[in-house]
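K.L.:
Each chain is listed here by its residues.
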Amino acid sequence: MSRNPQLNEKGALQHLLTIEGLPREILIHILDTAASFINVAERDVKKVPLMRGKSVFNLFFEPSTRTRTTFEIAAKRLSADVINLNIATSSQTKGETLLDTIDNLSAMHADMFVVRHASSGAPYLIAQHVGSHAHVVNAGDGRHAHPTQGLLDSYTIRHYKRDFTRLAVAIVGDVLHSRVARSLIHALTTLGAPDVRVVGPKTLLPAGVEQLGVRVFHNMDAGIRDCDVIAMLRVQNERMRGALLPSEQEFFKSFGLTPERLALARPDAIVMHPGPINRGVEIDSAVADGSQAVILSQVTFGIAVRMAVLSILAGK
Amino acid sequence: MSRNPQLNEKGALQHLLTIEGLPREILIHILDTAASFINVAERDVKKVPLMRGKSVFNLFFEPSTRTRTTFEIAAKRLSADVINLNIATSSQTKGETLLDTIDNLSAMHADMFVVRHASSGAPYLIAQHVGSHAHVVNAGDGRHAHPTQGLLDSYTIRHYKRDFTRLAVAIVGDVLHSRVARSLIHALTTLGAPDVRVVGPKTLLPAGVEQLGVRVFHNMDAGIRDCDVIAMLRVQNERMRGALLPSEQEFFKSFGLTPERLALARPDAIVMHPGPINRGVEIDSAVADGSQAVILSQVTFGIAVRMAVLSILAGK
Amino acid sequence: MSRNPQLNEKGALQHLLTIEGLPREILIHILDTAASFINVAERDVKKVPLMRGKSVFNLFFEPSTRTRTTFEIAAKRLSADVINLNIATSSQTKGETLLDTIDNLSAMHADMFVVRHASSGAPYLIAQHVGSHAHVVNAGDGRHAHPTQGLLDSYTIRHYKRDFTRLAVAIVGDVLHSRVARSLIHALTTLGAPDVRVVGPKTLLPAGVEQLGVRVFHNMDAGIRDCDVIAMLRVQNERMRGALLPSEQEFFKSFGLTPERLALARPDAIVMHPGPINRGVEIDSAVADGSQAVILSQVTFGIAVRMAVLSILAGK
Chain A
-12 MSRNPQLNEK GALQHLLTIE GLPREILIHI LDTAASFINV AERDVKKVPL MRGKSVFNLF
48 FEPSTRTRTT FEIAAKRLSA DVINLNIATS SQTKGETLLD TIDNLSAMHA DMFVVRHASS
108 GAPYLIAQHV GSHAHVVNAG DGRHAHPTQG LLDSYTIRHY KRDFTRLAVA IVGDVLHSRV
168 ARSLIHALTT LGAPDVRVVG PKTLLPAGVE QLGVRVFHNM DAGIRDCDVI AMLRVQNERM
228 RGALLPSEQE FFKSFGLTPE RLALARPDAI VMHPGPINRG VEIDSAVADG SQAVILSQVT
288 FGIAVRMAVL SILAGK
Chain B
-12 MSRNPQLNEK GALQHLLTIE GLPREILIHI LDTAASFINV AERDVKKVPL MRGKSVFNLF
48 FEPSTRTRTT FEIAAKRLSA DVINLNIATS SQTKGETLLD TIDNLSAMHA DMFVVRHASS
108 GAPYLIAQHV GSHAHVVNAG DGRHAHPTQG LLDSYTIRHY KRDFTRLAVA IVGDVLHSRV
168 ARSLIHALTT LGAPDVRVVG PKTLLPAGVE QLGVRVFHNM DAGIRDCDVI AMLRVQNERM
228 RGALLPSEQE FFKSFGLTPE RLALARPDAI VMHPGPINRG VEIDSAVADG SQAVILSQVT
288 FGIAVRMAVL SILAGK
Chain C
-12 MSRNPQLNEK GALQHLLTIE GLPREILIHI LDTAASFINV AERDVKKVPL MRGKSVFNLF
48 FEPSTRTRTT FEIAAKRLSA DVINLNIATS SQTKGETLLD TIDNLSAMHA DMFVVRHASS
108 GAPYLIAQHV GSHAHVVNAG DGRHAHPTQG LLDSYTIRHY KRDFTRLAVA IVGDVLHSRV
168 ARSLIHALTT LGAPDVRVVG PKTLLPAGVE QLGVRVFHNM DAGIRDCDVI AMLRVQNERM
228 RGALLPSEQE FFKSFGLTPE RLALARPDAI VMHPGPINRG VEIDSAVADG SQAVILSQVT
288 FGIAVRMAVL SILAGK
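Chains as they are written, first to last, in our numbering: chain A, -12 to 303; chain B, -12 to 303; chain C, -12 to 303.
The hints are simulated quantities; they were obtained by calculation from the structure and are not laboratory data. Any given hint could turn out to be false.
Because identical chains share one entry, a pair is satisfied inside a single copy or across any pair of copies.
Here are the simulated lysine-lysine pairs, DSS-like style, with alpha carbons at most 25 Å apart [claimed, not checked]:
#1 K34 / K303
#2 K34 / K189
#3 K189 / K240
#4 K34 / K148
#5 K148 / K33
#6 K148 / K(-3)
#7 K303 / K33
The task is simple: from the sequences and hints, build the whole structure.
P.N.:
Structural data, given as structure tokens:
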């Protein structure tokens, strides 16, 4: 049996590529470490010296200001040096291969690569290639995984609900194209959530998704009924054009989260969204701005979770 | 009477959005604080620890390398962490609203937003929206205001002329489209300059500009005669195309600052310009490079003024 | 006789513009200083405080993520503040002259300008213009020079071969358009290498190149025979289109470095390349990934060499 490529020979985290297959203890360790960083952001001096002198490379082969910013802040609050590389506009266009680019940056003694790539699996390829002194964090690869998002979602759920083992969680929308959904499903099943549901039209749910341990709903009302957590997904406009979705209005009518629909969930249900939100497409403004939404807490916790991941990988 | 949105309940500066309506004492306090930072740039180690661990977000919804750079340097010399966000190419294109973007960044515990936006008033909207822990600095909004430019112009004038209460200042060129001109007019009238003039063709002076307390001249020679300070404005090429101006040559003939014209002002008059200069359009090279030009001193003082604004807002 | 514009009145390095004309002692001093920085990159905290509070401006008038990154890392590991300016997309488009841009940045108390420009000589112009407190490093200007590349190539050769005075070095490919080749030739002849060769088709060797003290070969096998060092140059695709080269396949057939050809050099010959490499155009993958290639060591040494140059210029 081959070793989990994310773990070193001692079973410690060497890379963070996907939540799938990560032991529960490692997830818990990340969440506990994140908890210890929460108050750093509230201090007068929002910095700890854990990664002083470390070089963190943000390798964004696909642009994402938002995700890049969260990693940049997390790394700077750990006192690391951050180098932003927008590779789309860089040496890739000069015909260099991905692995030659990585070799080159590794030779500059990079400690950490934060990788966003349009192709599923690219961060794996990089992780297999870099030496044992460097660490790779997947910041989103194709439709595959976005593990720090899954972790910050888990952190948020734990913060508000304490215990995963009694929860019903509905993941709503375009599950098919969503690395966020995949990562959250793996996190929840690993952490022991007994009732994970995916809710969406047939065209936007992957075939065989049940095999991930989730229940499938094509009806929104049934899907969110009595849930403790509703995790909305972002609808991407290009899907509309791709004819997988009829129109924004149609989608909102069937799967948009309105106050009326939210009332079907538990009274203390929380509403999550990875952002950026499309008001009036997947979520009604009254819900997005309402008391059950924890969307901005997710962002705050996301910084702490990324600090936790970076510092654990750095061996601190 | 509603409170000045830039001041907190104790009357201290909470945001810097415009010079209009700011009490004279606050302007003086900023200029005095800037004076204390002037020598930092001349030290061997050009840094003070006043903003260590603070997160300054440069939010540029309209590109401006020059202004962004001055704020980046000012913040780094105060030891802050700086995050540059070029929002034009970012989540705005994903359909997120401005205020959702701000909420998101606030949730990352931003301490300071430096905002450049093509729409007048955008920094106000942001200031009203952020929590009391965050501060907004307007780095130029539409035609409205560019308060740090007005402050650095004031600093420069005070440096060379000491006392505002005897000065004649001519502001020359495209006043209509100039946030720089507006901010300088408000600064000068607040600081007690008795003779502020705007000089330009009718098409480039705003209707009713006299109500700001300035005298209007359509003739350059008359406008700058016996002035202590000549503040040239940048002519923007797009105005030419927009038919508000005949041609660069025509403009220079009527309103360009030549050595001959400069001789009409006081012998010790200083010449200012916010940069970048158009040689041979609004200013002759002999003047731009001459002994009366203080254009580069403005840049130097601008760093100190921005350090002053950031550190005062940070409560230091 | 006019003074070397790179040296101050005491003969110390004031700017690094080209290797041509630099005294041998200065080259040796840079290489020795770089050697002292090699182990910084291997420490847990990869930083030294030599340039704390210094402002390094990366002025890239032509984009080069790779080179910019190496200078950014070098400066950050020296604890400097780094400001990245992509000037191509900046004020140059607003009609400002190059020297006005430089004056402006100098007025912000820049300590160091790292300049990449498409025009040969641009860094000279800047160096002549800045005051004595600022220093200019040429990071590549047109076809002219790329001195830190020549220095890191020299460092690499010294690391593997110890002594320059017995070496045969072949520089292979498009010498005509290569600033890398020019800088390496000047470095090698200054450091005493007795046999420097340039190898390439007539269309890609500059007329009169012999006058630089090199031997010319149009036949690859003859050119690399018994060499200690083979320095491959990058073939730029635009040359193909420009009809100076028949095709990638043709070029590889005549001048590509294959294992068979490499066997003609000394058994312990090293293979260098400035990157990014074109596999199958100028170099075979078996050579690029083989035991004689030192391409990634060049990158590692390049950081130390740039730290050496920056810290020497900063007077440390």
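K.L.:
None of the hints should be skipped; say for each whether it holds.
P.N.:
Comparing the hints with the structure gives:
no.: 1; hint: K34 / K303; result: both (15 Å within a copy, 18 Å between copies)
no.: 2; hint: K34 / K189; result: neither (47 Å within a copy, 54 Å between copies)
no.: 3; hint: K189 / K240; result: within (16 Å within a copy, 55 Å between copies)
no.: 4; hint: K34 / K148; result: neither (29 Å within a copy, 43 Å between copies)
no.: 5; hint: K148 / K33; result: neither (27 Å within a copy, 42 Å between copies)
no.: 6; hint: K148 / K(-3); result: neither (32 Å within a copy, 40 Å between copies)
no.: 7; hint: K303 / K33; result: both (18 Å within a copy, 16 Å between copies)
Hint compliance for this structure: hints 2, 4, 5 and 6 are broken, all remaining hints hold.
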